[in-house]
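Need the complex rebuilt from these two chains, each delivered in its own frame; the hints are there to steer you.
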Amino acid sequence: MFINTCFLYTSMSKVIGLSTKAIVAVVIVLVAIVGIAAWLVTQPTAQPTTTPSPTPAETPSPPAPSPTTPTPTATPQKIKIRVIGPWSGKEMEYFMQVLDEYKKAHPEIEFEYTPVRSEDLAKTLPLQFEAKTTPADVIITSFGWLVAEMAKKGHVEDLSGLINKNEYVGGILDSVTVDGKVYAAPFTMWLKPGFWYRKSFFEKHGLSEPKTWDEFKALLDKIKGIEGVKKPIVTGDGVGWPISDVTEHFIIAIGGPQLQLDLIDGKIKFTDPQVRNVFENYLAPLIKGGYFSEPIEWTTAVELWWKGEYALYFMGTWITGMVENPNDLAFFPLPGAKGVVGGTDYIFVPKYAGNKEAVLEFVKWLATEGQVVHASTPAGKIPTWVKADPGRLWGPMQGVYKKVTDLGLSIVPDLDDSVGGDWQPLFWDQLKLLWVSPDQLNNVLETLTKEHPKLKGS
Amino acid sequence: MALSRGLRPALFLSFPLSLIAVFVLYPMVATVFYSFYDKETGSFSLNNYIDVLLSAHPLYMLVAQSFGPTPPWGALIHNLVWVALHVPLVTLLGLVLAFLLKYYVKGSTLVKAILFLGIVIPPAVGGLIIRFMFDNVVGVAPTVFSYLGVEELSKTWTAYPQTALFALILGSVWIWSGFAVTIFSAALESIPKSHVEAAKVFGASMWHIFSRVIVPQLKPAVIIVVVMTVLWDMKIFDIVYASTGGGPGGSTNVLALVMYTYFARALDFYKSAAVAVLLTLIAAPFIALVVRWLRE
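Protein sequences, first through last, are from chains A and B. Sequential numbering of the first sequence, starting at 136, is according to our numbering. Sequential numbering of the second sequence, starting at 277, is according to our numbering.
Excised from the complex, chain B in its bound form (with noise of 0.2 Å):
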């Protein structure tokens, strides 16, 4: 028997909405039921969020009491941190190192080879690698620092408090500006050559070219890479918890560690949920503004 026009299309979309509805839909919306369930009364209410939020526990702490001039000042605040940080360094490095490496470099494929190894390693490699590369006796930083005979950064950075989060956050600028290079090359390819040879021959600086040619024509790369890496940012988790477990002192620790040790220390799935409807709320602006520039 033939199937009807609307018939087809409905069963080759059951299969998917149903796994969707299955996967994705109900635990979302579970995961907003438990956020507001109290185990202690059987009731609903928002006891979860304001636990979690108070929390002066250095290894659940989302926003700390009181802020001194370094870390830890809460898991909330540290995610925040990174994307002020880690956001414009990955921009501005994978703009600038595109730029280079398609108008400066000879063989540059290597190049971005070697750069987008970065992003194929597994984050939780890259949180050990990390945990290397601040280390006083193996670790690249601390070596040049002390060359340069800058005793406070010849220390094993992860170790101290006052370095762990920025050691991180620099760790992870390496791991992901790969990602940035390999979108900014595919968009400057579409930029046509004429663009930057005319601008040569009017006698454009390199800079010029740069800021005023090339970045604007960048705009839609930008903004994936932008929202791309806030996103990283919002749910980072493996790096951290293969390098520093988000010590010492909890100046390391992010929303997503703290969500983890909540379901898999405390068992307290519920705690769980209101720290991942958090997460998801501070996320939300930026998945709207991709969604936004995707119909534009």
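If we strip away everything but chain A, and leave its shape as in the complex, we get (with noise of 0.2 Å):
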């Protein structure tokens, strides 16, 4: 070891033509900002120090009026919160709404809203979370069990005394509920209730709802008929999730709201023959026949399919605010479908967020009246608050949830947003696969029911 060291440290004399003082101060320092580094590496990370909202006890109490000099008026001390939502473009505008609408009540808080699609965030979060770090003091994302594994994990604030469970849709808080708490508030809900078509469109060309399977080939046959029609249904592609929402439709309608439950519990396999069936038998002859456009990136092939270049779009109620004339819209589920999936957006707050008072208040606020406002908006959201006033509900929006009410149609959960994790991103690019190489249906149900995360092993 000395020979060694020796040897180093003739060599770096001679290599470099420093002098022994010049080394020996070089490895001082070194070692030094070495040490410094790793000291403070091993420190704890200090909490965000919280900014104190101003109290009534600390506000000076302002001079006597004087006839002479002009009263100041008091200004009390800004309050910024940082908020993470998945919106952007005309979506993003609405929730603006929802949050000048908070303003009006507490001058005193300031917003600072970034747009972070939910795929994002499951990306950095967990990163920053492992920093002791937030980019946002309030989160809101669909990802219910991102919420749940950030809060196993000690990253989120227990909401439980916030909020009373019992005033919200049931079962909504179940995925960001752990061991008896909960960890996120519900804002509101979407509905993924069917194909959406144009009723202009469906009148100028003699369509109708179908009401069985045969009716619903007939129409795609006779639509694909139509001149100027690419296809009759358009494929939504983002990350993939407007895939998975159709095929979930299927999977819910011939196979029945139970499969989809069973499929989120890993108690049924991709590969067993009820969940083949809806593939095999429904949805991939759908494919190869052409039916489905291949996936175009999904805003695009809204304005495609508003155009008329397609008649049918799966997608959630949101698309009611997206295009030009909402009452000209119209949907109808798939024949015999007992369920749509619904879900909503969970509202967080990161244990590293700054202003902890105000950003409850808001919280608590957004939950129950903030519903109010955003469902009143062209969002095409329902509140899950049970005590909004359903009268407030935006009016396109009243006719959607009456439909849906009448059909009897039970609300199930997302599939891939209840399993979550890594397969979930498998999901989405397992069936933008399926959709562009249908024959390859035994390989994706292989692959889906290796990787399901309580299915590994069995």
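Partial pick of chain B residues on the chain A-facing surface, computed with a CB cut under 7 Å:
| id | residue |
| --- | --- |
| 1 | His333 |
| 2 | Leu335 |
| 3 | Ala435 |
| 4 | Tyr436 |
| 5 | Gly523 |
| 6 | Pro524 |
| 7 | Gly525 |
| 8 | Ala540 |
| 9 | Arg541 |
Since the hints were derived computationally from the structure, they do not count as laboratory data. Since the structure is predicted, the reported quantities are computational estimates derived from the model, not experimental observations. Heads up, the beta-carbon is just placed ideally off N, CA and C, and yes, glycines get one too.
Shown next, in the form of structure tokens:
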């Protein structure tokens, strides 16, 4: 060891041409800097200090008015709340209306809203939380599994005392409840009720909503024959979710809502004959038969469908706020459907958020009155807060809600949002593959079974 | 007090050296260290390497267990396909364009500036542009093939496993060829005009001037372009992430994306480290080539 050190020293002296003193100095400085860096790394991260809200006791009393001097207006200290949500474009505009409404009653609050897709959050948030930092004080995402996963690691505030569980749609808090504690508050709800179409398009071509599978097939064939229509159904593409939505609708309509729940819980395999039946006898033949378009970026698909290049589009209720004339819009579920996928955006507060008092007050409002405001905009959502006044629901959504209720459709959780984790992007990716290579159905079903977190090793 | 002659350079060196020690050497050593750490048993073994090399999960697969005629073949193989196709295409295109722009195109500066745009834009944006370039609604490539009546290539290339990998490689040729043209253009400036003129006097064709006069004198530039392109291909990430995310069916996945997925999605830092070490080992011969060439 000593010989090696001497050899190293001699080599350094020769190579760099430094004196003994110089080398000793370099080594000392290096050791000092590395030591300081190591010490800094091993120190526990300080929790962010919260800016206390101004309390009446701390606010100095304004001076008595004098006839000669103008009264200075007391401006409350501004509190900034950073919010991350999944909405951009028009959807963001509707959410900003909600924030504006809150600011009317709380002029001291100022918001900094950043749109981040849930799928991107799932990739960045865990790392930021591991580093004990957060990109926002309030985060909104549809991925309940992500909230639960982060809560288990101690990164999320317990909101059990903030909201009353009984005031929300049943089961909506299940995915964000860990060991009996609720880690997120629900915001407004969307539904994925079926295939959307333009009433004017159907009237022009003498089309009507199908009541049986055969009628559905006949409708698709009739649409195929219309001049100018590229394909009967346009397939939305993003990171993959629009394709998973239409697939889940087939699972629920053909196999029943229980099949969807069993797939979520891992009680049934994708290779099971019941699931195979949905794919082999219903979905895959339509893909092979050229009834679906190839995947097209989902917002571009809205425009093409609205222009009449495609007749049907499977999408969530938020589509009502994305079209020129929502009154020309109607939908039908697949014949025989007994349920539709419904879900919410969860509001949660990271442990590392600042201004906790103001943040929690805002979250409580957002999960109650804020929902009423949001549902009254063209966001295409309905409240999950049962105390919300249904009369304030945005006009076109009242029709949608009525139809879902009249058809007696039960609300079923989203499959991939519920399973979550690594399996979610895999599900999206495999379905994208299925859409362009339906011959790979067996591989797709086997892969989905093999990698399902609750089926691994079975 | 005046500093001795030996102490002064040492003080100057100490700051950058310490930065390198903390931010380069330590992470490198730690990555290799972590790559052997088995989080299940707390011991050191080759398990992480075995797991990452044998994974059949489409989003983590490095080498496919069976090879079909089209992707997915596994991220490691895809990186090698990138090198095999992207490097010759960029080098040849860069050479030819630089030659034509120098000797046969007037106002070539403007063309060079346009070509250079590709490497100025962020790679993630480049990925999105590639996605649209090969989209059947707005994309250039499918539209051209549609006019030519080639049905197979009139689709959205990035949506099909048969074409997605090649769409990204071709799109990247567009992005990266600006770099090659810039390097070759600079190298061409060093070739005396008299060489080309003499060849013309002796009746040499354009092809002969290019292959016999120009190319042999551009060897150092070719080495730079080849090596830099290989390194670009080995660490390719943003373009794939932004355009296809590695899909469909894992057909465009690459090593850097697998490394990122282990790191950021699965929070499995040890397997991520193993992929990083593998990536470095594959790139190492090319780095050695550059170092050797720089010495020469």
